[in-house]
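J.: If you read the sequences in order, they're chains A and B.
Start counting the first sequence at 1; every next residue gets the next number (full-length UniProt numbering).
Start counting the second sequence at 1; every next residue gets the next number (full-length UniProt numbering).
Check each hint, because a few of them may be wrong.
[What the hints assert, rightly or not] List time: in silico EDC-like cross-link candidates among lysine to aspartate or glutamate, alpha-carbon distance up to 20 Å:
| id | chain 1 | residue 1 | chain 2 | residue 2 |
| --- | --- | --- | --- | --- |
| 1 | A | K84 | B | D85 |
| 2 | A | K87 | B | E59 |
| 3 | B | K87 | A | E146 |
| 4 | A | K64 | B | D85 |
| 5 | A | K84 | B | D61 |
| 6 | B | K4 | B | E59 |
| 7 | B | K46 | A | E126 |
| 8 | A | K185 | A | E146 |
| 9 | A | K152 | A | E97 |
| 10 | A | K78 | B | D85 |
| 11 | B | K127 | A | E42 |
| 12 | B | K64 | A | D101 |
[Unchecked claim] Partial pick of chain A residues on the chain B-facing surface, computed with a CB cut under 7 Å:
| id | residue |
| --- | --- |
| 13 | M51 |
| 14 | F52 |
| 15 | K64 |
| 16 | D93 |
| 17 | M94 |
| 18 | S189 |
| 19 | T193 |
The hints are simulated quantities; they were obtained by calculation from the structure and are not laboratory data.
For every residue, glycine included, the Cβ atom is placed at its ideal position computed from N, Cα and C.
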Amino acid sequence: MSRKPRLTYCNGRGRMEPVRWLLAAAGVEFEENFLETREQYEKLIKDGVLMFQQVPLVEIDGMKMVQTRAILSYIAGKYNLYGKDLKERALIDMYVEGITDLMQMILTFPFSPPEAKEKNLDSIKERATNRYFPVFEKVLKQHGQEFLVGNKFSWADVQLIEAILAVEEKIPAVLLGFPQLQAFKIRMSNMPTIKKFLQPGSPRKPPPDEHYIETVLKIFKK
Amino acid sequence: MSGKPKLHYFNGRGRMESIRWLLAAAGVEFEECFLETKDDLTKLQKDGSLLFQQVPMVEIDGMKMVQSRAIGNYIAMKYNLYGKDLKERALIDMYVEAATDLNELLMAHTFQPADKKEQHFATIVDKATNRYFPVYEKVLKDQGQDFLVGNRFSRADVQLLETLLMAEECKPDILARFPLLQSFKARISNIPTIKKFLQPGSQRKPPLQEKDVPRVMKIFH
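Whole structure, please, built from the sequences with the hints as guidance.
T.: Printed below as a string of structure tokens:
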């Protein structure tokens, strides 16, 4: 019996969003268990369900997987989104890790104090336009292919489209000067599984709002 | 042309140490090129060697690899330290990621301002002894095997040993309540490649001293 993967996290993006993206891109349906109270979280810990007392948790193929990167690597491997050999995997890993560093800035942004927000936004813009986006613009320009690695859809493409959209939410004109990325964005958005994920009613979560921030602080306060 | 991997980083542990451990455990000789000044970093950035303008960077098999996890993944796969299938890899990844979290906490200690050091130390001890070590102790207990995953030496064992030793540097009796981690430590330390790496004169780096912090910060800031 094949059960759907079950995701346990708060009802918001956070560290689980890349997992939702990857499963959706792979065309895999999943269930979600939303943490709303600290009691729920403490019960999960007490029940021994969270290996290191942390979420994200993804129940998949009989495993209770934790650690976002471990989860994502497993999904990518299972659904053939991890390249055809070691060297393609190396490229995918490098690209994903770089993008994850950029996404980390977006992840922590809502939790920064009000007086730091403008500076943090500037940092996100600076890093996106000077460090990360130029790399992928160049990769796409040099090989002229549709996808980042090996002329085939991979985890790297999913991670990049997620990041582009997330940065654009904060800095709408960020892709000015990146024609390859503009075309990439349109191309990826039109892939059937991704198109479906981008439609209202999908498991994709909205950007963090006050309620989400409050919930996270309440559940995970030390 | 030597063909040996070439590591670019400053002369200290930081984000390169886990890679040194992994190469050493796999019995792979490597060369090191140390960044000593900000100019050294700038030069590498300017000549396009650093994909995201950052080190660690490892020249290996014709690639200039960056991002320590990507590098670690490549080395682990290449030298068969990554399990036999997807599920073993999943376990290895979970164990390595968690140990890496603890590693980062340990390494951050040297950089804490004086008024935060005591609190930070308490956090390290709490997390190590209540969150992380019990998991590995239980894995070893439940399986009764020499290694963490699949009854075979893997990257998870290397990472755990590195982390256990760093934790002990922080608090020498930190393994007191964990007999299986103590025997694990002894066992893995005796594996020939690791034993060699643990001897003086190897490429293993010492812990960063507080007096060296300004020098290191100057390279990167």
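J.: Could you tell me which of the numbered hints above are not met by this structure, giving the numbers in increasing order?
T.: 3, 15, 18, 19
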